[in-house]
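Trainee: Residue numbers (my numbering), protein chains in the order written: chain A, 1 to 290; chain B, 1001 to 1315; chain C, 2001 to 2530.
Warning: the hint list may mix true and false statements.
[Unchecked claim] The following residues of chain C were derived to be distant from chain B, with all beta-carbon distances above 10 Å:
id: 1; residue: 2117
id: 2; residue: 2141
id: 3; residue: 2142
id: 4; residue: 2264
id: 5; residue: 2299
id: 6; residue: 2411
[What the hints assert, rightly or not] Calculated cross-link-like contacts (lysine-lysine; reagent style DSSO-like; alpha-carbon spacing at most 27 Å):
id: 7; chain 1: B; residue 1: 1020; chain 2: A; residue 2: 186
id: 8; chain 1: A; residue 1: 223; chain 2: C; residue 2: 2422
id: 9; chain 1: A; residue 1: 223; chain 2: C; residue 2: 2178
id: 10; chain 1: A; residue 1: 223; chain 2: C; residue 2: 2174
id: 11; chain 1: B; residue 1: 1061; chain 2: C; residue 2: 2174
id: 12; chain 1: C; residue 1: 2371; chain 2: B; residue 2: 1061
id: 13; chain 1: C; residue 1: 2473; chain 2: B; residue 2: 1061
id: 14; chain 1: C; residue 1: 2473; chain 2: C; residue 2: 2367
id: 15; chain 1: C; residue 1: 2367; chain 2: C; residue 2: 2209
id: 16; chain 1: C; residue 1: 2280; chain 2: C; residue 2: 2497
id: 17; chain 1: C; residue 1: 2300; chain 2: A; residue 2: 223
id: 18; chain 1: C; residue 1: 2097; chain 2: C; residue 2: 2209
id: 19; chain 1: C; residue 1: 2178; chain 2: B; residue 2: 1061
id: 20; chain 1: B; residue 1: 1020; chain 2: A; residue 2: 109
id: 21; chain 1: C; residue 1: 2097; chain 2: C; residue 2: 2371
id: 22; chain 1: B; residue 1: 1019; chain 2: A; residue 2: 109
id: 23; chain 1: C; residue 1: 2402; chain 2: C; residue 2: 2371
id: 24; chain 1: C; residue 1: 2367; chain 2: B; residue 2: 1061
Quick caveat, the hints were computed from the structure, so don't treat them as lab data.
Remember, predicted model here, so these are calculated numbers, not experimental data.
The C-beta atom is built at its ideal place from N, Cα and C for all residues, glycine as well.
Residues per chain, in single letters:
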Amino acid sequence: MVQDKTLGSRLFDIINYTLLTIVSLIVFLPFLHVVMGSFATAEEIARKPFILIPEHFSLNAYRYILSTNAIFRALGVSVGITVVGTFISMFVTSMMAYGLTRRDLDGRKTINFLVVFTMLFSGGLIPSFLVVMNLGMIDTYWSMIIPTAVSAFNLVIMRSFFANLPEGIEESARIDGCSDFGTFFKIVLPLSTAVLATISLFYAVQYWNSYQNAILYVNDANKWPLQVLLRQVVLVASGFSADTTHDFVQPPEQTVKMAVIVVATVPILLVYPFLQKYFAKGALVGSVKG
Amino acid sequence: MELSASTVAPNPKRTSRWKKRVLRNRYIYLMILPGLLYFALFKYLPMWGLLISFQEYVPTKGVMNSPWVGFRQFHRLFSDPDFWNLFRNTLALFFLNIVFYTPMPIVLALMLNEVGRTAFKRIVQTIVYIPHFLSWVIVVSITFVMLTLDGGIVNDMLQYFGFHEINFLLDSAYARPIYVIQAIWREAGWGTIVYLAAISAIDPGLYEAARMDGAGRLRQIWHITLPAIRSVVIVLLILRIGSVIDHSFEHVYLVINSMNRQVMDIFDTYVYTAGVQQGQYSYTTAVGFFKSFIGLLLVMLSNWLARKFGEEGVY
Amino acid sequence: MNKALNKPSRTVSHWTKWGSAMSAAAVLASLLAGCSGKDNESESANAGAAQPTGSAPASAPASAAATDNKPLKFTIMADLHTPEVPTEDILKLLEEKTNTDITIQWVPDGSYDEKFQASLATGTLPEAAFIKNQASIALVRSAIESGQFWEIGPYLKDYPNLSKLNPDVLNNTKIDGKIYTLYQERDLARSGIIYRKDWADKLGLEAPKTTDDIYQMLKAFKEADLAGNGNTIGLADRNDLIYGSFKTLSSWFGAPNGWGEVDGQLVPDFMTQGYMDTMKFIRKLYTEDLINKDFPVTSKTDQQNLMYTGRAGMYIGNLPDVKTMQEKTSKNVPEAQYDVTNTIAGPDGNPRLWAVPGYGSLLLFPKSSVKDEDQLKKLLGVFDKFFDPDVANLLKYGIEGKHYTMQDGKVVPIADVKVLEKEATAYLGLALADYTNITPSLYTLPVMEKANNLVKAAADFAVPDPTAALTSKTQIEKGARLQDMITDATYQFMVGKLNESGFQAAVKKWQDQGGADIIREFNEAYQNGQ
């Protein structure tokens, strides 16, 4: 991109960069504290409220977490659910989102309203549990995917993006003899990499963080995803159980809590940078002529 | 594209235009079918649960056998002496959230978009959405560590510069501002993602043309970038209106204490104490129902407004 | 966007076929996932069918396993307090000793209540299910009252251990005057003062015996600034009126435990002089800077941190916590020495301390899975064995040689905490016995032994809550919200935002909005019970 060299533009850049750097620091420092804290010793954490660089580097917290066998299984479960779930969700959501952009679709407005309605009203925990139970999904991996397969929020966003594609594109596709499915797969999807990447990220995070479904629907501890395990580590420590613990149950150190956060979030954090390349600028340039 | 004529009944007069359209669009219906099934099964089928707000529900009796009490649960809610305070707080937090939060991700996205160099942009983009992954427990505990009078950084700095200590945590005047700032800190970065996606679709040629015309950076943003993402902004705004009324319960619950309850208590926290913890299913559901209803009105209103201004709403 | 076609296409397009197939596949897949052949429903609902008894009549107690050789098969829902599900060595031993085939349905502590409720509402609770803790009773109360669980009261006398359960504690677990649950034992009064003995020694102070001693000690601590740099904090408190310092202190000012008799009537503690005196005491500490300034919003972790970093001199709370406290503080402040006490005199000169109802969690037997009296009796027989010395010690300590060794007839847990956590600790969630028939453990830390002895001794002067076994309809409906009012007023008074008349106004508000009904209902129930 050709850079502007005027004074006003330079000034703009300077201010912009400065502000962004400040924002980054404000946002990053507490997280850095958590990451660094996870590599510190428990004593140091207790002494200093904020650690930027630990005095004594220690892997104890990680050793503690990784010493459980369950963590690798849980990690596998989480990865599996995230990958499969994201794929299924993207498939169903994108098709429905595209379908709903067709203005001559009968019932479109009603369907849209019904979708938005579900964002506000919900039947509650127990009715949902009954549905899942009656579908025979209790204690299966599916129970952590299917009941949350489509997010109305994501659907509406996708639909909005699809609807904003230039009209000419679809028309020319039709003239060329492309079917509905064809238009969708060959034209619309390739042009929508940005929103597809975005919503994939949203779904991936949703599945990665899934916790409540697992607790409710899955009794077999072998099938529990990572978040369940990690929350146990943290909750056991933070004194939420009113019944005070027995004499030799040691609450994990602060450092362990921090390490838990790192383990729980860093994997999914790494997904975004890989997706950033799909935010290619001007993907539409040249596709619509005249 | 299929030729509709090949499958249409031989007598065009008998077949209505409507049927023709449905037939022509049959593959579209097929495309939305899985999604529809999902909503039907997992969202609408359980909605009978809302009925228990009209009952005195006993879980082991089920919906069929629990006594019906009409609007008694709602009456109980409306006649609670705290009702208006809860209503006011819920709306106040809602508006603060919408008004102060909404511009943030947009501004941030615009700023990020203006950064030419990829490395810096990518790094900042990634950093800025990290707080979204920290749970509210962490956010609140970080706030505590920073603002506490017993050795918190902010107060230490204030004293260092000769100012008085400020009792952030116990003074109810700071409760709402802290709440909003926490929400912004945590979510603004995450919110930029969608906007950046929208901005990426803008034709760079437009910027070039504008530059030729002598437009400065700010004018380019105002005349090109913003209008291009306008529909996304509006859709997201309406969606947010629909979801914010839900307020992150966890967030408010963690922030509430004996000093600020008057200004922070909302329907969600109210029902947690009055309903959930007491096993009062019907009451809990009724309060949630009421709150959702308010949210629905707000969404319908904002959607109508959007359409009036020529935008596409959410339905 | 669509324009009608004029030209027919020759074949159905490739994409259409593929797309339709995918759609149909998606629909099919979701249906299939739902109907995955096997019985995926919770095994618990079907497990545990009663075994045939042989010739013994149904009414005979099943404590003798002689009539039934097959192991009793059933599932228990238990609260998981460790990061992962434990190994099964202890479980196997338990099954051997009790002639059972037990499946444990572990539920993570953080969502226990939700899972319990969902299971309850859908009839999928197993044969035996724990309630998370005392606070969770409210969630099942109506289910219990509508007969969803077995009333086990009448059967207890038939079992050697169950018949000897503490009647006071059993009384506290009654719902509507009937016993539905077995309980997990807990000591009655575990709270007290943990303080820096090394500081006290330096200042020539003895263990406090009165509330005034407490004040003097805090004052001396603060003035001497033994933590250095003006960082010294006297008392470290947190945002919990019950498990923080307040309630324990209030015992020492003569306040009742929750409710007490004044002039023959039951009144709530906050309407007594003792409560007001406690508030004034803490308010004094607050104005004189003898307590951490943000105590109304301080979490347990941050409160304990103030001790671990050596900044605070006193902690009022669970005495057995002194073990952890000593260990953690010593790492930061090697010379720190803690001491404990709980014999502070009330206004009449005698020590007193508020008592918890005496149980941690409760065990219920749902009728949805325990089909008949016979099965119930067999289950009770199994749980009766939980109080036998070998089973009780197994669940509390683990396997001898593997998880602990014996020294002087006392139990010494092995040093490797991780092994304990992987294999043994979780079973505490199943244990019913906490001190009955339990071999005492050896305390390497003298102050820990002292703490334990003090806790045991406190049972003698523990003050119960007379309303623990009583029911008040209004309390169930509005009690929690009303209590918030009082909690807020209490904190606001203590930090100086409210004065006495303001507090009394809050009390009056409490009464007007339902409190008066609660008082009346409790008193009626109390009179009826006399």
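Trainee: Against this structure, judge whether each hint is valid.
Mentor: A quick look at each hint next to the structure:
At roughly 7 Å from the closest C-beta of chain B, the C-beta of residue 2117 of chain C falls inside 10 Å, breaking its exclusion from the interface. With a minimum CB-CB distance of about 6 Å to chain B, residue 2141 of chain C fails to clear the 10 Å threshold, and the non-interface call is violated. Consistency note on residue 2142 of chain C: stated as away from chain B, yet its beta-carbon is not over 10 Å from all of that chain's, at 6 Å minimum. Look at residue 2264 of chain C: its CB is around 30 Å from the nearest CB on chain B, clear of 10 Å, so calling it non-interface holds up.
With a minimum CB-CB distance of about 7 Å to chain B, residue 2299 of chain C fails to clear the 10 Å threshold, and the non-interface call is violated. Listed as outside the interface, residue 2411 of chain C is consistent with that label: its C-beta sits roughly 36 Å from the nearest C-beta of chain B, beyond the 10 Å cut-off. For a cut-off of 27 Å, the pair hint linking residue 1020 of chain B to residue 186 of chain A stands: about 26 Å separates their Cα positions. About 18 Å separates the Cα atoms of residue 223 of chain A and residue 2422 of chain C, which keeps this hinted pair within 27 Å; it holds.
At roughly 39 Å between alpha-carbon atoms, residue 223 of chain A and residue 2178 of chain C are farther apart than 27 Å, so this suggested pair is violated. Between residue 223 of chain A and residue 2174 of chain C the alpha-carbon distance is near 38 Å, which puts this suggested pair outside the 27 Å criterion. In summary, the hint linking residue 1061 of chain B to residue 2174 of chain C is supported, as the alpha carbons are separated by about 22 Å, within the 27 Å threshold. Our distance criterion of 27 Å between C-alpha atoms is met by residue 2371 of chain C and residue 1061 of chain B, whose separation comes to about 18 Å.
Of the pairs offered as hints, the one joining residue 2473 of chain C and residue 1061 of chain B holds, with about 20 Å between alpha carbons and a cut-off of 27 Å not exceeded. For the hint pairing residue 2473 of chain C with residue 2367 of chain C, the CA-to-CA distance comes to about 25 Å; that is within 27 Å, so the pair holds. A threshold of 27 Å between alpha carbons decides the hint, and for residue 2367 of chain C with residue 2209 of chain C the separation of about 51 Å lies outside it, so the pair is violated. For the given pair, residue 2280 of chain C sits about 13 Å from residue 2497 of chain C by alpha-carbon distance, which is consistent with the 27 Å threshold.
For the proposed pair residue 2300 of chain C and residue 223 of chain A, the alpha carbon gap of about 32 Å is over 27 Å, so the pair is violated. Restraint check for residue 2097 of chain C and residue 2209 of chain C: the C-alpha separation of about 47 Å exceeds 27 Å, so the hint is violated. With a C-alpha separation of about 21 Å, the suggested pair residue 2178 of chain C and residue 1061 of chain B falls inside the 27 Å cut-off, and the hint holds. Pair hint residue 1020 of chain B plus residue 109 of chain A holds up; C-alpha atoms about 19 Å apart against a cutoff of 27 Å.
For the given pair, residue 2097 of chain C sits about 24 Å from residue 2371 of chain C by alpha-carbon distance, which is consistent with the 27 Å threshold. Between residue 1019 of chain B and residue 109 of chain A the CA atoms are separated by roughly 18 Å; this keeps the pair inside 27 Å, and the hint holds. Restraint check: the Cα-Cα separation between residue 2402 of chain C and residue 2371 of chain C comes to about 38 Å, which exceeds 27 Å; the hinted pair is violated. Restraint check: the Cα-Cα separation between residue 2367 of chain C and residue 1061 of chain B comes to about 13 Å, which is no more than 27 Å; the hinted pair holds.
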